[in-house]
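Visitor: What follows is each chain in one-letter form.
There are 2 protein chains.
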Amino acid sequence: MVVASVDNLADERSKAQFDVGAMKIVWAGSKHVFDVTDRMARIVASDPVRVRKDNRTTLGRKELFKNTLRKMAHVVKRANELRLTEEEASKLRFFVDEPGYLDLHWVWNVCTGYKRSGTEEQQEKWLPLASRMEIIGCYAQTELGHGSNVQGLETTATFDPKLMNLSFIWWPGGLGKVSTHAVVYARLVSGGQEHGIYGFIVQLRSLDDHTPLGIIIGDIGTKFGSGAYNTMDNGFVCFNRVRIPRNHMLMRNERGNVCLSDVPKQMVYGTMVYVRQTIVSDASWALSRAVCIAVRYSAIRRQFGSQDGGIETQVLDYETQQSRLFPLLASAYAFRFVGEWLKWLYADVTERLQANDFSTLPEAHACTAGLKSLTTSVTADAIEECRKLCGGHGYLCSSGLPELFAVYVPACTYEGDNVVLLLQVSCQDCFSTGCWEKPVGTTTYMGNAEHLMQCKSSASSPEDWLKPSVVLEAFEARAFRLAVACARDISKFSTPEAGFAELSIDLVEAAIAHCEVIVVSSLVMWIFQVHREGSAGHSGDGVKEQLQILCFIYALHLIHKHSGEFLSTGCITPEQATLANEQLRTLYGQIKNVPMLTRGSGFMAGSSKCSLLVDAFNYTDHYLGSALGRYDGNVYATLYAQALRDPSMTRWYLMDTRSSFDQF
Amino acid sequence: MVVASVDNLADERSKAQFDVGAMKIVWAGSKHVFDVTDRMARIVASDPVRVRKDNRTTLGRKELFKNTLRKMAHVVKRANELRLTEEEASKLRFFVDEPGYLDLHWVWNVCTGYKRSGTEEQQEKWLPLASRMEIIGCYAQTELGHGSNVQGLETTATFDPKLMNLSFIWWPGGLGKVSTHAVVYARLVSGGQEHGIYGFIVQLRSLDDHTPLGIIIGDIGTKFGSGAYNTMDNGFVCFNRVRIPRNHMLMRNERGNVCLSDVPKQMVYGTMVYVRQTIVSDASWALSRAVCIAVRYSAIRRQFGSQDGGIETQVLDYETQQSRLFPLLASAYAFRFVGEWLKWLYADVTERLQANDFSTLPEAHACTAGLKSLTTSVTADAIEECRKLCGGHGYLCSSGLPELFAVYVPACTYEGDNVVLLLQVSCQDCFSTGCWEKPVGTTTYMGNAEHLMQCKSSASSPEDWLKPSVVLEAFEARAFRLAVACARDISKFSTPEAGFAELSIDLVEAAIAHCEVIVVSSLVMWIFQVHREGSAGHSGDGVKEQLQILCFIYALHLIHKHSGEFLSTGCITPEQATLANEQLRTLYGQIKNVPMLTRGSGFMAGSSKCSLLVDAFNYTDHYLGSALGRYDGNVYATLYAQALRDPSMTRWYLMDTRSSFDQF
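Here the protein sequences come in this chain order: H and L.
The numbering used here puts the first sequence at residues 542 to 1205.
The numbering used here puts the second sequence at residues 542 to 1205.
Worth double-checking, as some hints may not be accurate.
To be verified - Now the stretches of chain H that chain L is said to cover, found in silico as 3 or more residues with beta-carbon under 8 Å:
# : segment
1 : 599-609
2 : 661-669
3 : 752-762
4 : 853-865
5 : 931-940
Since the hints were derived computationally from the structure, they do not count as laboratory data.
A virtual CB, placed ideally from N, CA and C, is assigned to each residue, including glycine.
Here chain H stands alone, though its shape is the one from the complex:
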């Protein structure tokens, strides 16, 4: 048996060809964020007993959830003891790495539910209770038969007597076991008339003994994975003629109420832009985590290729491994920067809203919807791809990948199903707002219609595909031509709606093409032109060069993936597609150097750059939670140690097994 010696990857790291410390700060976004993140990650990692993760997949649901209750209480206590700021506390919760009611209590109740919608009087009453955790809140909107279609809500509240009527709420996190209060959204009915959708504070459980208050309430059952989201008590509640005090109706705005369907669309869109930009950021975290595990284990693992019993080939040296893994590494970086750019976009939109400038909002809304869809779909698939890239051991929970997948995939569905969102993008960007006449923001390129319809790519060598202008032109022309084709086809139908329904498949493809323009162009802009030129982030030796390589890997792998669209729209020729592909493989070689023999370890090694590019994520072993992705590369001894910790190693099964045989 080969058990890799400790610090198996140390040699590679000592040959650093770029400044990893500088890259860490680029990844974090700033020195300040890096410092906070690093400190919080270390605090969590130094507390292995209280925040233990590796036993989660062995527990039954009940024990698992008790465990979460203890952990959440510990986290709140620790944040208080250390007098953490909210920025710090949220990072601390992040690194505890367990979905729980706390996040929902925090985000929805404290921020969205009460602070934004409540009157001053309501805020004075509820905020202190919530922040002292004397009540636990959740946000209840989705119904059993309805997802995010707010306008289709069946829950009604009838005014005077204020009764909440026949409603079956399903899914809200924190509702199933823990929450004492919920903000429930319902259609207000008064005198037989509908008055739009309002939020209501409803007490669910007694503050004395936690028993439900005249409602049927519970947990909706287990979800994908063994740990994953099973630490969260997604719940259901059935309201049937529940009486609510009048002052529990959330009613802050100039007219004395907050009817959800009445609020200026701009405000709703603003909130959506905020939530979805955080989802894009989360995508880069999840993707980079999976990529980190797969890159490190691919540098350790060896299979086949040995002649006469010699050392086998490092899996990372196989082209097929590189062509599957490196585009995902590049995507992690791409999504990270797009996430940062969206933060800027949100700040910009917010500033404009305060000045009553709504001009950029529809486009910003469509853009975040599309990027939410694009990044979460890619990330979900990529985590599973990383698992497969780890071979058989990726299937073990101790690889960390199965649970990462299970906990991540709902992002494709929540806050807008990914396909529905793409339809919104195409609707917004291609057809309904005349954006070709008045293009703004990310649709600016569409103003260049004549050129984009006629241009032919000038690429005549692999190196030409390293010119940002050549790459961008190809992406823009493809997206624009697909959009124009959709518009042309839709115009043949009697109504736009009919065409829209019949051509929705094409619209989705056009929307993806448009979103990829946004990612590629913001990436190019970020790395080549605007942000932080010469600043701390980029000043590290070789950092910018690595980012450029990743940027082109990202763009060129998409040209290969969607070559059918680039070719059929005539944006590039088959020969140019081949050149792009050649350049892509050259770039793979640049982040995976030629193997060389290293001292001491007896291993062939040379995966320096890609190993360093994942080191730059600065993840602790606790956060990664993976025997395969350990920083020191000591994979096999760790797998063994984890197996020995399995509770089934106890001897209970001796008697059980024999007695089950006796039944034969």
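Given chain H, work out where chain L should sit, using these hints.
Guide: Relative to chain H, chain L alone:
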């Protein structure tokens, strides 16, 4: 809240437009197989307590495994009571739907391990013990650092004294807790010389009290999912100077031994052909199960699209849903027929082997390797796609889909990693055996080299894409041109090996194209020409028509998916790709009829054909294990009932929750 009335799908079924009973027999393969399968499925479904599945995801690993032990004992007992044949018993185990040591005991020890490799004396000793379950066996080959690379095994057995040396075996199912004996493969060393790889029977645990016999042995820990493969005790064992009696070495062949690396390659290939064709069959089972759930729930679920509070649109009516779901339905049927064809191929190969005719074996081996890779990769992705197509509720374990995914995905890795297998295909089919000069079996089309290099598709209308010859020519030309391009590029390298390594990405793409030719052509042949023309299977009203629609959906969706390859090789023009796409959408419309108002239910319905096409799988609700995929469509009431069964509905959490709050 809408709770669908019972028999929600009955109206649709009453409008059957083809003979579903006949289709069931087509799906099963024959009337006999249908009868056995149907009877065994009903036996299992009628025994809900002993074979309960819905609580698996709530149990901790230890309770889960105890549960499996009881279930396996019950299955063996039941098969004995009912005096089932082995054909029946294996179906019974299949419908119990829980991975367990029994399958491995059965397949490997009884069939492969002892029967094939043991001497007569060894068979007389071991077979009765194994068939009476007095010993439980497993098959131990994969090492911690090695997967299926048999030639790289590190386990050695030194002759006289016969010692099994320093070996760390990892993964075998049944090894972790249950097996008393293993067949271990090791390199035999004698007098300092290596003598190839042999199998050895090693006793692992005492037959009295099940304690390990001087070895370190245990379970490798939890795997993906909460139920899934965690009912299997995949294990590890460490042999260090273990002594084995000489007559425990498996040694049946003419020279008195069975050295694995010495066995004619033909025999090894023959076994691989067998194992991999069963994996292809399994793919169609798993895929059809997921598709059945997604089709039924898409017919029940409604979202958006209502004007003025009316009924919302059936999700199945959305083109985006159809374009994601129907190709998977078509793939399930395609894989089913390919699996049947592979059974025929295996029978043919076996017959030839017995007559010492090895001529078709390499090609049959490559073909099954490729189809194993193709079908398992598509199925794994498709299960997750079906889960997403069910919206949020697909994330609940009660949908059946998360566990189906978790239990299925290892098929992409075991019995040959899917990417490694594709490289073998391309090696075999494109380059090394001169198959262009002497094409056999599935490579026959490559003999038509000149035509395939020059032909241009004649499709000039959407209807032309319903001509088998037009479709097949496009697939064959694409596959052949990709293979020729690879061969040309490889010839530029100094050695074929160097070229092979550098171009492996292209080789994988060429191999997939070749495998798709096999699937499309065997499907076309099966439906249009040879098999069962006029026989019971096809004589049902409309059955053949449905199969033709599915066949073209399968082929045309691949042309769209890989349009980059079809276009860049000049096999079709962009205009022809558009025509194929138009035809594809027309076909979608043919299995999803125009909605019409049905009596009674108050629902719009019309998804008749696709609902019937999944009814033809003949799955019981027990086997499907899905609230969303119920035969009667009574989805929401079932979800609620399942939630109420969750053990966390008990009141334990009241006190726990309060006491955890008190720590704040």
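Visitor: Determine for every hint whether it applies to the structure shown.
Guide: Going down the list of hints, with the structure as the test:
1. 599-609: holds (count 8)
2. 661-669: violated (count 0)
3. 752-762: holds (count 5)
4. 853-865: holds (count 6)
5. 931-940: Result for this restraint: holds, n = 7.
In summary, the one numbered hint that this structure violates is 2.
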